[in-house]
Amino acid sequence: MEWTTVQHLDLWHVGNCSKPFQLHIATFHPTQALVAIASGTYIIEFDAYTGSKISLINIGAHVLRMSYSPTSGHVIIAILEVSSFLPYS
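No gaps in the numbering here: position 45 of the sequence shown is 38 in our numbering, and each next residue is one more.
You may find that some hints are simply not true.
Unchecked claim - Label pairs and their in silico Cβ distance ranges:
#1 Glu74 to Tyr42: 30 to 38 Å
#2 Thr64 to Gln15: 13 to 21 Å
#3 Val68 to Ser32: 13 to 21 Å
#4 Thr43 to Glu74: 28 to 36 Å
#5 Pro23 to Ser45: 17 to 25 Å
#6 Ser62 to Asp40: 17 to 25 Å
#7 Val68 to Ser45: 17 to 25 Å
#8 Leu73 to Tyr42: 28 to 36 Å
If you're looking for bench data, these hints aren't it; they were derived computationally from the structure. In this text, a Cβ means the ideal position worked out from N, Cα and C, and glycines have one as well.
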C-alpha cells in the first residue's frame, strides 16, 4: 500500500455530526491502512478503511510534526511544542 496524496480528510465528533473535528496534523502509515491525527494535545489513531478509532493518547503538548516509525508497527514519533511560563518577580 502506498500513501502519496490526501485530497480530503473529513473528521467529525462522535455524537455531534454537525461539528467538524479540528485537525492539526495527520500522518499515514507507510505499509498499513492506518492514519494518525493530532488535535490539541491528543494523538488519535484510526483504521483508514473503516474509520474506527484504534487508540487515543493525551501527550500534554501540541504536536508540531509527527510520523510513523519506519521500523515498527504502531510507533509514532512526534515533535512537540513545549511552552513554559515563568512567573515574573
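Cβ distance range 28 to 36 Å for Thr43 and Glu74, holds or violated: Between Thr43 and Glu74, where Cβ atoms are some 31 Å apart, the hint holds.
Whether the CB-CB distance between Leu73 and Tyr42 falls inside 28 to 36 Å: 29 Å, holds
Range agreement (Cβ of Tyr42 with Cβ of Glu74, hint 30 to 38 Å): 31 Å, holds
Satisfaction of the hinted span 13 to 21 Å by the C-beta atoms belonging to Thr64 and Gln15: Once the Cβ atoms are compared, 31 Å apart, the range 13 to 21 Å for Gln15 and Thr64 is violated.
Hint check for Ser32 and Val68 - Cβ pair distance inside 13 to 21 Å: Distance hint for Val68, Ser32 holds at roughly 20 Å.
Hint check for Asp40 and Ser62 - Cβ pair distance inside 17 to 25 Å: Given a distance of about 18 Å, which is inside 17 to 25 Å, the answer is holds.
Hint check for Ser45 and Val68 - Cβ pair distance inside 17 to 25 Å: Given about 20 Å between the Cβ atoms, the range holds.
Status of the given 17 to 25 Å range, CB of Ser45 versus CB of Pro23: Holds, at about 20 Å.
The earlier numbered hint that this structure contradicts is number 2, and it is the only one.
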